[in-house]
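As given, the protein sequences belong to chains A and B, one line each in that order.
Taking numbering that gives the first Met the number 0, I'd label the letters of the first sequence as residues 0 to 230.
Taking numbering that gives the first Met the number 0, I'd label the letters of the second sequence as residues 0 to 523.
Any given hint could turn out to be false.
To be verified - The calculated lysine to aspartate or glutamate pairs, modelled on EDC-like cross-linking and capped at a C-alpha distance of 20 Å, are:
| # | chain 1 | residue 1 | chain 2 | residue 2 |
| --- | --- | --- | --- | --- |
| 1 | A | K83 | A | E46 |
| 2 | A | K37 | B | D484 |
| 3 | A | K37 | B | E257 |
| 4 | A | K37 | B | D47 |
| 5 | B | K2 | A | E46 |
| 6 | A | K108 | A | E199 |
| 7 | B | K180 | B | D317 |
| 8 | A | K37 | B | D317 |
| 9 | B | K266 | A | E11 |
| 10 | B | K1 | A | E11 |
| 11 | B | K377 | A | E156 |
| 12 | B | K2 | A | E71 |
| 13 | B | K276 | B | D298 |
| 14 | B | K206 | B | D375 |
| 15 | B | K1 | A | E199 |
No lab work stands behind these hints: they were computed from the structure.
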Amino acid sequence: MKKQFYIYKAFERFWHWTQAVLILFLATTGFEIHGTIKFFGYQNAVEYHNIAAYSFIVLIIFAIFWHFTTGEWKQYLPTLKNIKAQIDFYLFGIFRNAPHPTKRTVLSKLNPLQRLVYLGLKILVIPVIVISGLLYMYYRYPQKGGEIEVLNIASVEPIALLHTIGAFLLIAFLVAHLYLITTGTTITSNLKAMITGIEEIEEEDKEQVQGQEQEKKQGCEEKVLADDLLS
Amino acid sequence: MKKIILVLVAIGIIIISAVTFLTTRSYEPTQLMKLQEEYPKKDSSSVDHRQFAILQKKFNSPQEVTEACISCHTKRDIEVMNSNHWNWERAEYIEGKGIVYIGKKNAINNFCIGVEGNEQSCAKCHIGYGMTNQSFSYTDTKNIDCLVCHDNTETYVKGNELAGYPDPSLDLNLISQSVGKPKRSNCGVCHFFGGGGNNVKHGDLEKSMFDPSKDVDVHMAVEGVNMQCIDCHKTEKHNISGKMYSLSSMNRNRVLCEDCHTESPHKAEILNEHTVKVACQTCHIPTYAKVNATKIDWDWSTAGKLKDGKPYEEDDADGNHTYLSIKGSFHWGKNLKPEYIWFNGTADHYLLGETFKDTTEPLKINTLNGSYSDHDSKIIPVKIHRSKQPYDPVLKVLIQPKLFADKKGEGAFWQDFDWRRASIEGMKEVKVPFSGQVAFIKTEMYWPINHMVSSKEQAVQCNECHTREDSRLVNLTDFYMPARDYSSIVETTGTSIILLTILGVFIHGMVRIFSSRKMKKESK
């Protein structure tokens, strides 16, 4: 029996799509600054890139806040459970129409590989690209006065290289990500879910039901909390 | 409801932050507007020199004019005698050499090499009278030529080979009655023609600057602000600010664009950030020698060829000499992109008699110091004049040949065309040991480009430097510049990772398509 679940919340979808647009825009302007392509004109590319970068940082701050207040951060806790099964699925099972080894639930939206990759993005690639990006914007040599003078980096080169490495990794991720969203129940089911927030999931598993109950519980708690705030 | 509010707040903040960075703050009024208001106002003289009786009595010699000037402008003669324009020499501190007196006596250039033995001709640009040879008295104040700088009739000229005396046909009374602050014509008559012809030396100072159009120089344009040389080269007690690093060595008494325009004159902050490392001229003088060509190289080694026993000349389409028997071969260039170097305001100079070791690399006549890692250095545009000039291959010194003489037989190269003889005579005169052998060495001379500033619309664009190919800064390799530079390791690895991902995705996708078709068939 299939049932519809509200799996991606409004903010989550907003965050995802804004991030998608920003990353594509940052990649275009960024690779123009890098000298790989010509599109906006150099000065425009730099200025747009900086604006998009700040928007991205604002978005990240909201996303971090959202993850911690909703407890969604737990989604990214790495697990070894099922990891072999998941790899087996992508390498073999998928071609035999085998079922996904990891059942998606509201409480556990990500399979173990997703957990690892997204965690890597969140704690490694994104911080590297954001920090190197901020240094790129603000570090001038020689830094005459200013807070980051103490860093004493003689050249923007290591900063630029780190930033470029981050960009390459993000693009590679993007390619894989765009492909892997077609590996859902149907080719477009994952995409639909990220647009509407709703995904049809086989409702057989006990875990699933449990999850659903917990979801309900959580909803109640939220309501209580909201009432508290109102009163 | 809560979610909607959250989303709206998030969108709002992102829009606000974007708008804040998008809108460029408008300054009122800008520094540029203030300057544009200030400089077109020309002050007029407070006295009328025509009414002074002393300037109405008949002058028998130019020295009498000078005496008349000094009788009112007392002590100005002392100021002039302390100036470089008078002494042709200044004390400079050079790293590694200490304090040295650099001037026409010991400096060498890679054009006509030096003035020694050729004072009569060269004195056309000295602000004194009677400089016939090295024994010229630098202490007789009557010999100061006030008029060459202060004549406002634009008629005063020094005679050819008259040791600095004016053309005898001039009416000195008329000229002395219309003196005033120096104009472009006063400075240009010497500074535009250095090296024996228009624009030979500087490249950015030449006769089109007498009355330049806006395309040539945005500051001096007649139809614009119409600035005179001394508007920037501000002068106190005849000490003129600004100097040329063909002779100067120290970072002092300079004229900088920033003096008026400040270090952050742009609306776009991204441009202001460049001023830490990039001089204004680098972007704002995209080309020099905009109207008339400048000499870019000079090969002395081909000099001395004769046709039917006589010296001859060859010219290019613009009428510039490309060969002269007395001087060798030249190349000229017009509308040139400058070359770029790091410069911290200090320079070193090759001085007469100094020995050098390396004869394979071009010898730098003047070395402009600077590097990326030096905090005080900025990128500046330069004209590099390249030459091949005579040197002593045994003692490893540059040769100062005797070039000029009235007649044959005195050993002057321009009469006798004998390098050995001219070198013996020339080196004897400057008292530098000479082995008797003559060879030729490549030399370079660096001329900072500071004039012929273009309007901001014509300034160098970002991607003329920030580009993989043909960057203007291709020769400055001691720093990382976005767009021009990259790490080939990062580039190759990054590209391979992306390509491998695409390949992996493609293969995986193909296998999926085939296997699903196969399964469909089987299920049928």
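Now for the hints, and whether the structure bears them out:
As the CA atoms of A:K83 and A:E46 are separated by approximately 45 Å, the hinted pair breaks the 20 Å bound. Distance hint between A:K37 and B:D484 is fulfilled; the C-alpha atoms sit about 16 Å from each other, no more than 20 Å. Only pairs whose Cα atoms come within 20 Å are accepted, and A:K37 paired with B:E257 is rejected, the gap being roughly 33 Å. A hinted pair counts as satisfied when its Cα atoms are at most 20 Å apart, and A:K37 with B:D47 does not qualify at roughly 63 Å.
For the hint linking B:K2 to A:E46, the alpha-carbon distance of about 32 Å lies beyond 20 Å, and the restraint is violated. Restraint check for A:K108 and A:E199: satisfied, since their Cα atoms lie roughly 13 Å apart, inside the 20 Å limit. Only pairs whose Cα atoms come within 20 Å are accepted, and B:K180 paired with B:D317 is rejected, the gap being roughly 35 Å. The straight-line distance between the Cα atoms of A:K37 and B:D317 is roughly 39 Å, outside the 20 Å bound, and the hint therefore fails.
A threshold of 20 Å between alpha carbons decides the hint, and for B:K266 with A:E11 the separation of about 38 Å lies outside it, so the pair is violated. Our distance criterion of 20 Å between C-alpha atoms is met by B:K1 and A:E11, whose separation comes to about 14 Å. For the hint linking B:K377 to A:E156, the alpha-carbon distance of about 18 Å falls within 20 Å, and the restraint holds. Taking the CA atoms of B:K2 and A:E71, the gap is about 15 Å. The hint holds against a cut of 20 Å.
Taken as a hint, the B:K276 and B:D298 pair is broken in the structure, with Cα atoms around 35 Å apart against an allowance of 20 Å. The hinted pair formed by B:K206 and B:D375 fails the criterion: a straight-line CA distance of about 34 Å is larger than 20 Å. Taking the CA atoms of B:K1 and A:E199, the gap is about 25 Å. The hint is violated against a cut of 20 Å.
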